[in-house]
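There are 2 protein chains.
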Amino acid sequence: MRNSVILSSGMHVPEQVYTNQYFNDLLGEDVDTWLRENVQIYERRWCNEEESVADLCVAAAEKALAEGDLKATDLDLLIIATDTPEYISPSTASKVQHRLGAVNAGTFDVNTACAGFVTALDIASKYIRSDEQYNKVMIIGAYAMSKYLNMQDKKTVTLFADGAAAFVLGADTSDSGKGFLASELTTKGEYADWMGIYAGATKTPTTAAVVAENDHKLKILQRFPSELNPEMWSQLALNLCKRVGVEPHQVDHFFLTQININSIQATMDRLGLPMSKTTTVMHNYGYTGSACIPMAYEKAKKNGKIKEGDLVMFIGSGGGLSFGAVAFRL
Amino acid sequence: MRNSVILSSGMHVPEQVYTNQYFNDLLGEDVDTWLRENVQIYERRWCNEEESVADLCVAAAEKALAEGDLKATDLDLLIIATDTPEYISPSTASKVQHRLGAVNAGTFDVNTACAGFVTALDIASKYIRSDEQYNKVMIIGAYAMSKYLNMQDKKTVTLFADGAAAFVLGADTSDSGKGFLASELTTKGEYADWMGIYAGATKTPTTAAVVAENDHKLKILQRFPSELNPEMWSQLALNLCKRVGVEPHQVDHFFLTQININSIQATMDRLGLPMSKTTTVMHNYGYTGSACIPMAYEKAKKNGKIKEGDLVMFIGSGGGLSFGAVAFRL
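Chains as they are written, first to last, in the working numbering: chain A, 1 to 330; chain B, 1 to 330.
Check before you lean on any hint, since a few could be wrong.
[Claimed, not checked] In the DSBU-like style, the derived pairs of lysine-lysine whose C-alpha atoms are separated by at most 30 Å in a straight line are:
| no. | chain 1 | residue 1 | chain 2 | residue 2 |
| --- | --- | --- | --- | --- |
| 1 | A | Lys203 | B | Lys219 |
| 2 | B | Lys203 | A | Lys155 |
| 3 | B | Lys154 | A | Lys203 |
[As the list claims (entries may be wrong)] With the Cβ distance kept under 8 Å, some of the chain A side facing chain B (calculated, not the full set):
| no. | residue |
| --- | --- |
| 4 | Glu50 |
| 5 | Ser52 |
| 6 | Ala113 |
| 7 | Ser130 |
| 8 | Pro205 |
[Unchecked claim] Some chain A residues near chain B, calculated using beta-carbon distances under 7 Å:
| no. | residue |
| --- | --- |
| 9 | Thr107 |
| 10 | Glu190 |
| 11 | Ala208 |
Calculated directly from the structure, the hints in this document are not laboratory data.
Glycine residues also receive a C-beta, built at the ideal position from the N, C-alpha and C atoms.
Whenever a hint applies, use it, and build me the whole structure from the sequences.
Written out as structure tokens, the structure is:
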């Protein structure tokens, strides 16, 4: 039985730091107090004018390859999860494939908003488990949402930020018990029109009027019920526990979408688990969408919070609303 | 052993027909002669102002469900392959899930330009083959490129058009020999900057200047070598033949990307096979990108060109350049 295991990983964020003070000045009001006290965001990174999402992907990919002592030509498949692509078409993955020199890798992008990385982890695992052509698969969660922000929109501009992180997954045929254990994807499409980038595609093509109105920018049209993510995330965790055959306390670490630290706290509360069993990165990076879950993994790895043999869960949600959950034995 | 089989399919195109005469008038020159004589395109369908890609998807999906006597709630997963999405974010699939009422389906979009449908066919097959949660998976190839066309660009406006087609794939545990046999994905990322929609994402965000210059529209920046698709498609066909253990003449039907009938002819020539072993749809539909391969399948099915037990190959290419090839036993 072939299984999908995490071989290595890496992340990259732009150099340019934007503190909360920048937004106080930009918006002409104190947003820092709310950001610090309510969502624990202190600073974030944004691409500069010359940077875009492919740059973040290439840098994260190179770190993941280096950590695994791998060459780009070792990769059989490259999947990029993003809803802030390099171009509308072709895929960001094709561009990154060329820049990396990953000439043996098939490529595609996955868009399921901020659930994209977990979904890509599920897809990549299925390639490795079911097709012997796939021995090394790279997945990248990438986000350059700064490019789609309306600088006058307090609800979005203070939260969303840029970053990328990559995993290299490999095929393990040793029956080690390591690697992919279970997954679940679910969608509540009734929320598709609540948050998104609604103009610039086929429903509302870009026009001068669209640009004048900033309709091509990210919009939060309705506020999601605060209980929605904790309910869904904890239920997904319980579902995975059942499939894996463990109790929640036997899970060593959770990597959850970093949109709001209160949702993470509420999820851990529902599971009866301490915050020490999860890692948060919004403090210094803001909300980095499809990149935030592997960025949290990088932080946990760096801080020695996870080790070989640990049972971990990646649980993400994003616009759509789409949800993905994957359990791995490290 | 679980395998992925095609249970049913359906297609939809917009009502509005644009003949070559429309483009003679639009461009003020005779483009009809070249289109008829060189690429055998006579007419195509475009969305009207109120239509967009999700409308095409929902209509195609409903036909596929009806043909299979299935309900939307039967679907475990919905994958939409498109590079002309409903929104930039969230996914087109989340919107379509809600409109269909496919409440039990996880969702994501795949973007690998016009290789998207074949790639989605590969992904969906891997879900079905490797995870018992997935018994009914819908994939849709969808294209509303009319929304991204520069009406003054003769190279694109005369060729590209709109449509969608859906497959429902099911799990077969009967060891019937039917269903998915082999696949290959490959990418030549060195061509990523040759054809695409380059502004409107993170590399070149939309601005008033971008709109004024029509940079947010589809552009062909360099002409692809005419031998590239025939070389790649015939090689992919031979690779799949080898994996399946057959000679090319034992393949009953080929479904190839419909960008240029001459590429299809040259591919069949290289394989030493007659044009009767393939089906073309560009004559009445123009080039419909990620939708064209399942649209060709629909035509072949309707015309009795394929039957149970046939060995068929789906081979697609698209911007990136990305290539996908899948062999199925019907």
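Glu50/A was flagged as interface toward chain B. Is the shortest Cβ-Cβ separation under 8 Å?
Interface hint status for Glu50/A: violated (10 Å vs cutoff 8 Å).
Given Ala208/A was flagged as interface, is its beta-carbon under 7 Å from a beta-carbon of chain B?
holds, 5 Å
Min Cβ distance, Thr107/A to chain B: is it shorter than 7 Å?
With a closest approach of 4 Å, the Thr107/A hint holds.
If you draw a straight line from the CA of Lys203/A to the CA of Lys219/B, is it 30 Å or shorter?
holds, 20 Å
Should the interface hint for Ser52/A be scored as holding, given a Cβ-Cβ cut-off of 8 Å against chain B?
holds, 4 Å
Hint check: 8 Å Cβ-Cβ cutoff, Ala113/A to chain B
holds, 4 Å
Hint validity - Pro205/A Cβ closer than 8 Å to any chain B Cβ:
holds, 5 Å
Would the pair Lys203/B and Lys155/A pass a check requiring their Cα atoms to be no farther apart than 30 Å?
With a Cα-Cα distance of about 24 Å, the restraint between Lys203/B and Lys155/A holds, given a limit of 30 Å.
Residue hint Ser130/A, partner chain B, criterion CB-CB below 8 Å
holds, 4 Å
Hold the hint about Glu190/A up to the distance rule: shortest CB distance to chain B must be less than 7 Å.
holds, 5 Å
Would the pair Lys154/B and Lys203/A pass a check requiring their Cα atoms to be no farther apart than 30 Å?
holds, 24 Å
In this structure, the one hint that does not hold is number 4.
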